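Participant: What follows is the residue order along each chain.
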Amino acid sequence: MKKIETIIKPFKMKSIFWVIVITVMGIAKVWAGDEPPTPLSNKTAIDLVQSHADYVWTLVAAALVFFMQAGFAMVETGLTRAKNAINIMMKNLMDFAFGSIAFWAVGFGLMFGATTSGWFGTNGFFLSDFTPGGDPWVLAFWMFQVVFAATSATIVSGAMAERTKFSGYLIYSVVISALIYPVFGSWAWGGLFHGKGWLESLGFIDFAGSTVVHSVGGWSALAGAIVLGPRMGKYTKDGKIKPILGHNMPLAALGVFILWLGWFGFNPGSTTAANKDIAMIFVNTNLAAAAGCVVAMFVSWIKFGKPEMGMSLNGALAGLVAITSPCATVSPLSAVMIGSIAGVIVVFSVLFFDEIRVDDPVGAISVHGVCGAWGTLAAGIFNMGGTSLKIIGVQALGIAACFVWVFPTAFVLFKLIEKTIGLRVSPEEELEGLDFVEHGGNAYPDFEVSTRGGISPSGISAGGAMAAVSTGTVKVSRQIEAA
Amino acid sequence: MKKIETIIKPFKMKSIFWVIVITVMGIAKVWAGDEPPTPLSNKTAIDLVQSHADYVWTLVAAALVFFMQAGFAMVETGLTRAKNAINIMMKNLMDFAFGSIAFWAVGFGLMFGATTSGWFGTNGFFLSDFTPGGDPWVLAFWMFQVVFAATSATIVSGAMAERTKFSGYLIYSVVISALIYPVFGSWAWGGLFHGKGWLESLGFIDFAGSTVVHSVGGWSALAGAIVLGPRMGKYTKDGKIKPILGHNMPLAALGVFILWLGWFGFNPGSTTAANKDIAMIFVNTNLAAAAGCVVAMFVSWIKFGKPEMGMSLNGALAGLVAITSPCATVSPLSAVMIGSIAGVIVVFSVLFFDEIRVDDPVGAISVHGVCGAWGTLAAGIFNMGGTSLKIIGVQALGIAACFVWVFPTAFVLFKLIEKTIGLRVSPEEELEGLDFVEHGGNAYPDFEVSTRGGISPSGISAGGAMAAVSTGTVKVSRQIEAA
Amino acid sequence: MKKIETIIKPFKMKSIFWVIVITVMGIAKVWAGDEPPTPLSNKTAIDLVQSHADYVWTLVAAALVFFMQAGFAMVETGLTRAKNAINIMMKNLMDFAFGSIAFWAVGFGLMFGATTSGWFGTNGFFLSDFTPGGDPWVLAFWMFQVVFAATSATIVSGAMAERTKFSGYLIYSVVISALIYPVFGSWAWGGLFHGKGWLESLGFIDFAGSTVVHSVGGWSALAGAIVLGPRMGKYTKDGKIKPILGHNMPLAALGVFILWLGWFGFNPGSTTAANKDIAMIFVNTNLAAAAGCVVAMFVSWIKFGKPEMGMSLNGALAGLVAITSPCATVSPLSAVMIGSIAGVIVVFSVLFFDEIRVDDPVGAISVHGVCGAWGTLAAGIFNMGGTSLKIIGVQALGIAACFVWVFPTAFVLFKLIEKTIGLRVSPEEELEGLDFVEHGGNAYPDFEVSTRGGISPSGISAGGAMAAVSTGTVKVSRQIEAA
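Protein chains in written order, with my numbering: chain A, 1 to 483; chain B, 484 to 966; chain C, 967 to 1449.
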């Protein structure tokens, strides 16, 4: 009996002390007009602070993902010719500007509006979900989603670079942000806000969008590249593939660094909550990118005799795209494996599309379409919680559903544009360069710039094969009268 | 009676369980020496965690705003000539370096020091507000404010590009950060730290600084451009306006992407608190930028026949500047409207200043001065809480007060510099390029660079009109002896 | 007695009100199945929210530090010749990619694994510290540490630029990330995770790594530059120093802005906790950088007659490196002094290494090695908590220990590489440029680029002396057959 008392005694004394302290402070607080905190009011306050952390994290992540637009712009500009630099920049800029407006007006409602069908949403257009004074979470969530929609759109501009009419491209850009991306997105992610889409109901895993974002962009790019046809001089009549070198490799490398940075928003930000899960997602994202980069470099070294830069850059991107789907549900070791395999796939995929005469100046179809599919499959195979044929089957179904929805829709869209306002510039315009023809500009007026017609002798380009210094370029002399 | 008991019963049983758990844990804690948490100690802990979130958010936002310095440097370099690239970079770098020191030594005290007059502060110089061990909030707040001060300073370098003496520019740069910006800032924002300034006492709304930051920079830029006069060859004797093309459009586009990113710190960071308000500010900022970009592109397309890049870039910036003041107090739909109108204004404003022979190489006066004024007015017109003639009147008064304080002060300052150490380089130096003359450098020594004398035949430049490839450039051969 | 009652009365009444509210809400909660919050459960919840803030801050900071890789890549590319741009980019990219894999497999275990010796860790390889379901803090901590390891590695590529064999460089890159950096790191920082290293046990202050990261990189760079020897044409037979100008100064400036931004993750992120200390660290970091930049500019102005850009950029970096160690333990005024002194040191250090014929194309040895040592010493001298000969002595010991471990180890490593697979390209390859020879590429195929052989007449280069436009360049004509 006594023993227990000695145990309790210090507690008692401290308790009495604390009761006095609390009482005094409580009286003081009441005196000052404040309500005394209670466990319940504290719990509410704690939840509020946590929600503030969620807002900050989600929106900082959105800012990082936004910056990926600059990354795409730099990569695509760097890997194409100087005469088309303004055009590429304008496409990337407008992808985001038009995309923001389109996703605000239409896309977000289709993707996340209340729905019972599981196929698309039917309200929330123009952010009408939000009324001033209401819960602003819809705004934070929209902000995070709009940068994803724009990423999907901007993937395509690379594959269609150097030959697409600007006005035709704008039409496409609005449609993907307003329709193609949101509809597929609602199948896989609709439940993040309202009712679940049919794919997620089946258990489809695509944490940050290997399929939802990247494959949607990649298969649209494939449709665009096929409808457009290759750039002049890319494939010769005697069956040779002529690389068309990118004009500014430091910009391309800068772009990849920016994209890698942005992915630290893209993947861990997809928690849309400040929690401990983001740590593993960061690590997996980084390891997969590093592995993809290293492996693609070695594969290019073995295949072409040199560690090639375009392939190394695309290897890093391939690893990033592949880990996007499984980043939250696989171990770091699996992430290294997933990235490494993506680094192999991307090189052979780039060569394959060149072989079948699909001209993709920056390798977007391979990086985003093919490696997006690989990553989605990998999310099933390497799943930390265990895998099964059923899990892998659902992943495969999601991959297939994406292709079946996106490719034909985009194909028809591009064909419609081609038949109406036109999708491709004339051969003369293509030779001259789109900057002058489409925008009345010149990206580098202080420098002597050659308007290579895609006839550099040989070498590894971003999209494959051995690189070399371009020779025999065609210089076009231009002078127009003062306005 | 029995019914109530069955309601209470599970509560009772759980209560008993919880009382036991808490008691056991409490005893354990006491045993380990910790004080048991109480509602009051918890409340203090909650407030502390919230303040940590406030610090993180405010400082991350400050880092994003800092990065805008890189954005300005890229935009201004890209939109001017290669022969002046080092000079522009140096000005931007020194704006921030000198600005940081000047704002630490003098500016912060003038802007936020304790004051009863409402006109400027009188203490806190050299961060003497802060004593080690004291509340470090003043440091977090200073960090957020110094990047704003530097933004205001760096706006001016673009308008004065390609002809300003470096030493003269440095004097100006210190004065704006130490005096011009802080004094106006104390009128509108002083109350964020100590007593309210006279403008905010009237109810002036300028949440993140359309007027405080951007118009202060813009009107200083106007004064500088007027005192300097136009670049050689910009306006011909027969009354023609000759565009002087920017030399590196990918850099200019990169700069705009960086600025857009930085604005996600600039506007929502101005809460200086991690709360839910930042969501709407993010959305408004993004929508206004997108709308400004799209609209300016279409206006340029209609006016010049081509979707012009410089105008599209400036349209995005115009939207961003305009939404800076109203971002926290208007709806997303209003943000689209405010940005769209800014996209129209910026094009016509650029043409207007060219018409009256004010040579602003990058359009800074229009983007920051004019659209800053528009945004401040819009904060009154589109105010979510309702508007009135009085509200709009106060906004107009703030806009006018800014012009009346900044323009004459900056004008006199530039005149003083002109009369003493000199503000403009000689015509020979201007032709040669400021990089070599002022810094002994060459931005691109591996490339053949032309030192265009502003005689490109025609075309749309960043600041208006139709663009074309520069011809007839003057090549200057230089060789100096080894030191 | 009555008086006390009136004091207690409102408290009593409010208490009764609150007791009722809590009881009703409690019953409701129990009804809904939730446990009622208690002070203890709240305390646990508060700690959890704080830990979420810690994760977010540490990982956002890690993302900023990651971005420094882009900064280094831009600075190093900008300050070297166009013909080696791809090579520099590839080295920077691979530093991070290989470094990530090496630090995951080996380095992290050596640096932070459990150890009793105080010299290096012996477990935790391949992140085996972490088991799914376990505490993910090790992952967040790893992410923050891996970007530091890669920073150390990437410093070296600048000093060894334009003449190093790519395969040889890769070997070095893996060894520094897997061995050289982690071993020294465990001496100074091992206790951040497990047992303390011998240096930190003595009280060595290196908050964010002036010595641990920057001097390790700087002394490795010194060893590399010595083993390699200078670039062809840098030092003539008649004893003259020929500057070899950087080819793209806007990229170099962009790189410095990116690095400055990244340092806002590097220094305050080293708290690895969301707390109020980060405010002073931000301010100190910024002021030291600004002071270093301003002072180095003036020193270059006095010494060379012009405010030189390369020196100004390096001055900012010198200030940043110097404040890295003392950033958390000195006042803002001390930060200005520390940065200013670094701005003087860096100029004279660059001239000194040129004088003793150590060819460091970007000044990395001076910026990171020498100013890292200065900053570490300054942490002792300017310590806010007071200084003593003992404190300064320990700092000096740490500086010396770093040199004694790193320089010989790196020297032997580079010698071993030289004797086996080779460390330097042939003179013909160096003249031709590493881009073509090592990577089969061309960074700027649309531009006429000169392959300067280091024979520009005179001028200030990034690494010292007066700059001038390069003339008499050697143009190498290249054409290879189609594959």
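In case anyone wonders, no lab produced these hints; they're calculated from the structure.
Hints may contain errors.
[To be verified] Under the rule of at most 27 Å between Cα atoms (straight-line distance), these lysine-lysine pairs were calculated in the DSS-like manner: (1) B:Lys526 <-> C:Lys1356; (2) B:Lys526 <-> C:Lys1242; (3) A:Lys276 <-> B:Lys526; (4) B:Lys725 <-> A:Lys276; (5) C:Lys1242 <-> B:Lys759; (6) C:Lys1009 <-> C:Lys1242.
All of these numbers come straight from a predicted model, not from anything done at the bench.
Participant: Hint by hint, note whether the structure agrees.
Facilitator: Now for the hints, and whether the structure bears them out:
1. Between Lys526 of chain B and Lys1356 of chain C the alpha-carbon distance is near 43 Å, which puts this suggested pair outside the 27 Å criterion.
2. About 18 Å separates the Cα atoms of Lys526 of chain B and Lys1242 of chain C, which keeps this hinted pair within 27 Å; it holds.
3. Of the pairs offered as hints, the one joining Lys276 of chain A and Lys526 of chain B holds, with about 23 Å between alpha carbons and a cut-off of 27 Å not exceeded.
4. Restraint check for Lys725 of chain B and Lys276 of chain A: not satisfied, since their Cα atoms lie roughly 58 Å apart, outside the 27 Å limit.
5. The straight-line distance between the Cα atoms of Lys1242 of chain C and Lys759 of chain B is roughly 21 Å, inside the 27 Å bound, and the hint therefore holds.
6. For the given pair, Lys1009 of chain C sits about 20 Å from Lys1242 of chain C by alpha-carbon distance, which is consistent with the 27 Å threshold.
Checked against the numbered hints above, the structure violates hints 1, 4; every other hint is satisfied.
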